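Visitor: Start from the sequences, fold in the hints, and give me the full structure.
Same order as they appear, the protein sequences are chains U and L. The numbering of the first sequence is the working numbering, which starts it at 1 and goes up by one. The numbering of the second sequence is the working numbering, which starts it at 1 and goes up by one.
Bear in mind the hints are in silico, worked out from the structure with no lab data behind them. This structure is a prediction, so every number in the text was calculated from the model and none was measured. Beta carbons: idealized from backbone N, C-alpha and C, even for Gly. Some hints could be false.
[As the list claims (entries may be wrong)] Every beta carbon over 12 Å from chain U, so not counted as near; a handful from chain L, in silico:
hint : residue
1    : V2
2    : L61
3    : N115
4    : L125
5    : G127
6    : R136
7    : F148
8    : V150
9    : L155
10   : G163
11   : P173
12   : G174
13   : I274
[Said to hold, decoys possible] One-sided excerpt, in silico: chain L residues whose CB lies under 8 Å from chain U:
hint : residue
14   : G99
15   : L110
16   : V270
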Amino acid sequence: MKTSPASAARLAPAATWWRSLSRLAPWLGWGVLGVLVLLAALGPLYLSAFDLVLAFTLFNYMTMAQSWNLLGGYGGQFSLGHSLFVGAGSYTIAVLLLHSGLPLLLDLVLSGLLAAALATLAALLLMRLREAYFSIGSLGLAMAALTWMLNWSFTGATSGLNLPPAATLDYSTLYYLALGLLVATTLTIVLLVRSPFGLRLMAIRDDQEAAAELGVNSFPVKLVTFAISAFFVGLAGGLIALNKLEIEPDSAFSMNWVITMIIITIIGGIATSTGPLLGAVVFFTLQQVLQNSQALSSLLTGLLLILIIRLAPEGLWPLALKLGRRLGEALVSRLDRSGSTTTATALAAEEAVRGRSTLSDG
Amino acid sequence: MVLYHLIDGFFLGGLYVTIALGLTLVFGVMNTVNLAQGEVLIGSAYLTYTLASLTHLDPLLCLLLVAPIMFVIGYLVQRLLLNPLIPRGQETLLVATFGLLLVAETLFGLIYGNNTLSLSASYTLTGVTIFGDTVRTIYVIALVAALFLVVGTHLLLTYLPLGKAIRAAAEDPGAAASIGINVPLVYGITFGLAAAISAVGGTLIGLSFGFGPTTGSSWLLRSFTVIVLGGMGSLWGTLLGGLLIGVLEEVAASIVGPQFRDLIVFAFLVIVLIVRPEGFFGQRVGVAK
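Guide: So this is what it looks like as structure tokens:
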């Protein structure tokens with residue numbers, strides 16, 4: 001088939017429409033996100049107290065997965081130790097509420113900051129390690145912290161702490177705090193990974209030696225990433241403590257936290273900003289639908305994880321985008337079959353040029 | 001008495017060698033860190049538990065059946081799940097073995113409940129006197145088993161055609177394939193062997209301590225500490241590392257208190273990782289003679 005440039009440029013109507021749609025996709029994504037945030041912001045107007053608590057949990061899952069994804073996905077540092085920061089956040093706010101007269105919001109921020117400080121220390125220890133060494137090292141730190149907390153009498157050892165009655169917040173306040181944290185986390189991370197800092201981070205992930213030769217010093221980049229990731233997880237930990245009102249080491253430092261973050265991120269799509277949000281919805285829905293059989297639900301999530309890593313390792317969100325684009329193309333070429341035969345070629349060329357930059361990362 | 005703690009730790013170390021050897025083999029040959037190693041161990045303990053309560057046979061005798069079952073499971077996991085993921089890099093393998101960890105943990109809870117179980121035999125509560133110190137008989141058995149397993153694996157890798165194929169595949173899979181070695185098959189057999197060896201470790205865990213659906217990750221960390229100390233993937237390193245960790249844990253626990261046992265091991269793991277991540281002894285299975 002011979003095609004002159006002129007005929008390739010003259011697209012059939014459906015193709016033109018499709019092309020402008022894919023050009024608008026990022027804006028469409030932001031628009032949908034804006035509407036969702038607006039709907040969520042009005043949540044307490046139409047949601048029952050029960051639904052608000054559910055949404056609170058969902059938002060926290062999203063925040064934590066998003067933060068893990070910054071380090072584990074964009075940074076390529078597969079942390080198995082993030083439970084440490086959930087526990088650190090929970091305990092910090094409890095201790096501050098019990099022993100200091102500081103206002104609650106300040107306590108909350110401090111719980112994030114303490115988690116970040118711990119992460120900085122951990123990073124100083126672990127950042128030289130690569131791949132599995134880092135994963136196991138971080139798991140070791142988290143387990144060591146759990147053992148320590150089980151024996152530390154200042155924080156009540158195994159029996160843990162009860163938050164003072166003054167810390168009791170109503171459901172819509174908790175809801176707004178979790179929503180605010182989610183929006184702040186997502187915005188920070190989205191902006192961060194699209195900044196020069198984010199590019200350096202991903203360059204280090206993809207090839208540390210090559211990045212070093214280009215003058216990227218990996219240590220401070222990894223350190224800051226680790227601290228930011230832990231900061232938001234610590235804040236989520238603080239919120240979780242405010243909701244539960246009594247905390248003890250086995251649940252606050254539970255491995256389940258980091259397991260949840262990893263599952264959500266992998267299911268939704270690692271190293272994408274929308275993936276953790278979508279993954280959290282899938283994970284949380286599965287958990288709620290099967291809440292009468294906790295075991296069945298974790299069995300299914302485990303199987304889903306294996307299935308995804310085996311069949312679509314990039315995750316559900318990139319998969320959905322790919323399918324959507326393919327479906328759109330098929331539709332367009334069917335609509336335009338009577339029209340120009342060059343449509344498919346032109347579209348393919350365009351896809352090749354613009355690649356993932358149009359539809360992905362909405 | 002420090003001497004007694006040294007002796008106790010030495011024999012406890014034998015147990016640690018048996019639990020870490022499977023991890024060593026899988027890392028040394030396939031360069032895969034099996035995050036589900038703890039579940040392989042605990043799963044074997046559960047299998048032995050079922051078999052022993054059905055047949056009333058001695059748990060160690062049950063291994064004659066449990067080890068082949070674990071071999072088959074390990075072989076299938078490598079062939080069906082892990083082999084196709086190898087080209088995608090180590091992170092994918094981490095996620096996959098992590099998924100296995102989750103599924104296994106849940107299955108254990110579903111089938112056996114969340115209670116702590118333990119295996120019992122005539123020798124679980126008895127002791128042997130060595131240099132005036134009473135050592136648990138099961139630890140003595142563990143040390144003997146550890147020596148047998150390490151020497152046996154060494155002989156297999158050095159002298160048998162299968163062992164030579166494993167070493168070739170470990171050193172250079174591409175070159176091994178080009179001289180007619182079926183690398184995916186060799187990988188499958190290696191993982192199967194590792195699982196069968198871990199069946200011994202798991203059964204010994206069941207005989208020495210209690211186990212439950214979620215105790216796996218603490219054993220994963222212990223195994224990992226051993227092989228990091230011994231030099232990832234080295235057979236003799238695993239032997240030395242296991243004995244050393246056993247002694248260290250026992251002596252340190254006698255000083256700061258037994259409730260900090262886990263803390264000692266995990267802190268030690270982090271320290272070794274930081275100071276010398278390549279370990280102290282030996283080389284990988286494939287590279288060693």
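Visitor: Does the claim that L/V2 lies off the interface hold, with its Cβ farther than 12 Å from every Cβ of chain U?
Guide: L/V2 clear of chain U: closest Cβ-Cβ about 24 Å, beyond 12 Å.
Visitor: For L/G163, which was marked as not at the interface, is the minimum beta-carbon distance to chain U over 12 Å?
Guide: 25 Å, holds
Visitor: Please verify that the nearest CB of chain U lies beyond 12 Å from L/G127's CB.
Guide: Given that every Cβ of chain U is farther than 12 Å from that of L/G127, nearest at about 28 Å, it holds.
Visitor: Against chain U, does L/L155 keep a CB gap of more than 12 Å to every residue?
Guide: The claim stands: L/L155 keeps its Cβ more than 12 Å from every Cβ of chain U (closest is about 29 Å).
Visitor: Please check whether L/G99 passes as an interface residue: C-beta within 8 Å of a C-beta belonging to chain U.
Guide: With a closest approach of 4 Å, the L/G99 hint holds.
Visitor: Is it correct that the beta-carbon of L/P173 has no partner in chain U closer than or equal to 12 Å?
Guide: The claim holds: L/P173 sits with its nearest Cβ about 19 Å from chain U, beyond 12 Å.
Visitor: With d taken as the least Cβ-Cβ distance between L/R136 and chain U, does d exceed 12 Å?
Guide: At roughly 23 Å from the nearest Cβ of chain U, L/R136 sits farther out than 12 Å, so the non-interface label holds.
Visitor: Was L/I274 rightly flagged as not at the interface, with every chain U Cβ beyond 12 Å?
Guide: Nearest chain U Cβ is 6 Å from L/I274, so the label is violated.
Visitor: Any CB of chain U closer than 8 Å to the CB of L/V270?
Guide: Interface hint status for L/V270: holds (5 Å vs cutoff 8 Å).
Visitor: Measuring Cβ to Cβ, find out whether L/N115 lies farther than 12 Å from everything in chain U.
Guide: The claim stands: L/N115 keeps its Cβ more than 12 Å from every Cβ of chain U (closest is about 14 Å).
Visitor: The output says L/L61 does not contact chain U. Does that hold with a beta carbon cutoff of 12 Å?
Guide: 32 Å, holds
Visitor: Report holds if the minimum CB distance from L/V150 to chain U is greater than 12 Å, and violated otherwise.
Guide: Correct as stated: the minimum Cβ-Cβ distance to chain U is 22 Å, above 12 Å.
Hint check: a violation occurs at hint 13 only; the rest are consistent with the structure.
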